[in-house]
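Trainee: Okay, here's what each chain looks like letter by letter:
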Amino acid sequence: MNVTDTAFVLLCASMVMLMTPALALFYGGLVRSRNVLSTHMHSYASLGVISILWAFFGYSLAFGGDIGGLIGDLSYLFLRGVGAEAAPAASQLPHNAFMAFQGMFAVLTVALISGAYAERIKFGGMLCFSCLWLAFVYCPMAHWVWGGGWMMKMGALDFAGGAVVHMASAAAALACAHAVGPRRMASSALPHNLPLTLLGGGLLWFGWFGFNAGSALASGGLAAQALVNTHLASAAGIVGWMLIEWKRTGKATTLGVISGALAGLVAITPGAGFVESMSSIAIGFAGGLICYGGVLLKNRFHYDDALDVVGIHGIGGTWGALATGIFACAAINNVDGLLYGNAAQFGIQAVSVVATWVFVYIASRILLKVTDILVGLRVSADAEAVGLDLSEHNERGYNL
Amino acid sequence: MKKLEIIIRPGKLEEVKQALSSVGVHGMNYAEIHGCGRQMGHAEIYRGRTVQVDFLPKLKLEAVVDDAVVDKVIDAVCAAARTGAIGDGKIFVSEVLDAVRIRTGERGTEAL
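Line by line, the protein sequences are chains A and B.
In terms of the numbering used here, the first sequence is residues 118 to 517.
In terms of the numbering used here, the second sequence is residues 78 to 189.
Everything labelled a hint here was simulated from the structure, so no lab data went into it.
Owing to the predicted nature of the structure, the values given are computational and were not obtained by experimental measurement.
Keep in mind that a hint or two might mislead.
What the hints assert, rightly or not - Pairs of lysine to aspartate or glutamate, DMTMM-like flavour, derived with a Cα cap of 20 Å:
hint, chain 1, residue 1, chain 2, residue 2
1, B, Lys167, B, Glu139
2, B, Lys137, B, Asp152
3, B, Lys80, B, Glu172
4, A, Lys270, A, Asp190
5, A, Lys364, B, Glu121
6, A, Lys368, B, Glu121
Said to hold, decoys possible - Derived DEER-like restraints, expressed as beta-carbon distance ranges:
hint, chain 1, residue 1, chain 2, residue 2, range
7, A, Asn119, B, Val128, 47 to 55 Å
8, A, Ala498, B, Asp148, 47 to 55 Å
9, B, Glu187, A, Ala502, 45 to 53 Å
10, B, Ser99, A, Glu512, 44 to 52 Å
11, A, Met395, B, His111, 47 to 55 Å
For glycine and all other residues, C-beta sits at the position ideal for the given N, C-alpha and C.
Sequences and hints are given; from them, build the entire structure.
Mentor: As structure tokens, then:
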């Protein structure tokens, strides 16, 4: 074990924890004022419930002994044996530090989905779906990619969660948008507080350094490269989004700038520890352009992904996973991509993309159906008109 | 007595307030409102989605004045609130039957 690495990862875990409150601010500003608290609740409820379930069984299902490449065993149930000894997956870290770091990812991923069903889901339905989704979707995905499952064995590259976090949350978001249905009067819904969104987005950027650099699981050159790549990709995402928006609509917007930053961050997540600095700028810049197109998809295909989880995390995550197969460079982390003569890596990445979308979408639709039968998914038309803050939580965000 | 309902651009509040004071009208109130009229709305853009906003923010001032000064007050308000572009606002004038100062019980113009 290494004390420097341990300190580094504990700090990164704390930064990733902050991303969930940051996401609450980011999403909270984008909804109408009558739903600002319910949108925050989706994130904070995830911090509560998912953290506990992660300790009860989530960590074991994701990182326990491999069963057929599909799921972890129950050896770490209730954190049995997860203490200060070296982690099996990262011998430089105490087992509990590794478990906590990974737990923050699970919390954030579940919270990310909430952008799709915001402003109309029942709180009970949201909780029920989130718990089921952790067990039946997130844990298998994390196991496949990071816990020794089939995607890991296949050689798919996902440094910090392009598939596990971003594509998975986005495929679930698409399933939610389809299952829950569009908001009434969605076309007239405007963001009620963009400064809140910008603050949340800025804090997400900060937390992302913990998310991506921390995924090196050790302090040192690789973590530094991941941090540099993360920052440059986010910056390039801003520039990309700003340019295309300026050209198409005649104005650059603050929401566009922060959306571009997130697009760049999402796009670089799977490749943060595999690509060179200049590649990260290309990935982030293209991420800004592609995700600008991504958020327009919902108009064409008529699903109400309220806060653009699919457009940014789905499209950006997909681009990032493929881009990792293009730009990966053995000088950084021992794997080459298409540009460095290893076309097969691009194929492997493509398989992981398709598998993630198909598995997560179908599994999520099933879990949403189960949730609908058990507790119901959608609030009444009256409750939706009044707003979820009052109808679901008996409080208001602003008593001015 | 007449009641003036004066709808103006939000940025014109201070100038209109001073204009009213300068012609001896010291009592008034205002509310933030949203309205639509000839000015039409404007487009806002959120993540590439263009949203037409029809109701624009305006302020509505209310003041009750003596019949004798109505025209003078209207002229002062118009001079202060006018920019010449569509959307400067409107003034509605209506009859007021009575007024009461609650503290003293004064009635009519005495209460203004």
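Trainee: Evaluate each hint against the coordinates.
Mentor: Okay, the hints, checked on the actual structure:
1. B:Lys167 - B:Glu139: At roughly 12 Å apart (the allowed maximum being 20 Å), glutamate 139 of chain B and lysine 167 of chain B satisfy the hint.
2. B:Lys137 - B:Asp152: Status holds; Cα separation ~17 Å.
3. B:Lys80 - B:Glu172: Satisfied, since the Cα-Cα distance of roughly 6 Å is no more than 20 Å.
4. A:Lys270 - A:Asp190: 17 Å, holds
5. A:Lys364 - B:Glu121: Holds, at roughly 16 Å.
6. A:Lys368 - B:Glu121: Roughly 10 Å separates the two Cα atoms, so the pair holds.
7. A:Asn119 - B:Val128: 47 to 55 Å: 53 Å, holds
8. A:Ala498 - B:Asp148: 47 to 55 Å: 51 Å Cβ-Cβ, so the 47 to 55 Å window holds.
9. B:Glu187 - A:Ala502: 45 to 53 Å: 47 Å, holds
10. B:Ser99 - A:Glu512: 44 to 52 Å: 46 Å, holds
11. A:Met395 - B:His111: 47 to 55 Å: This hint holds: roughly 50 Å between Cβ atoms.
This entry satisfies every hint, going by the numbered hints stated previously.
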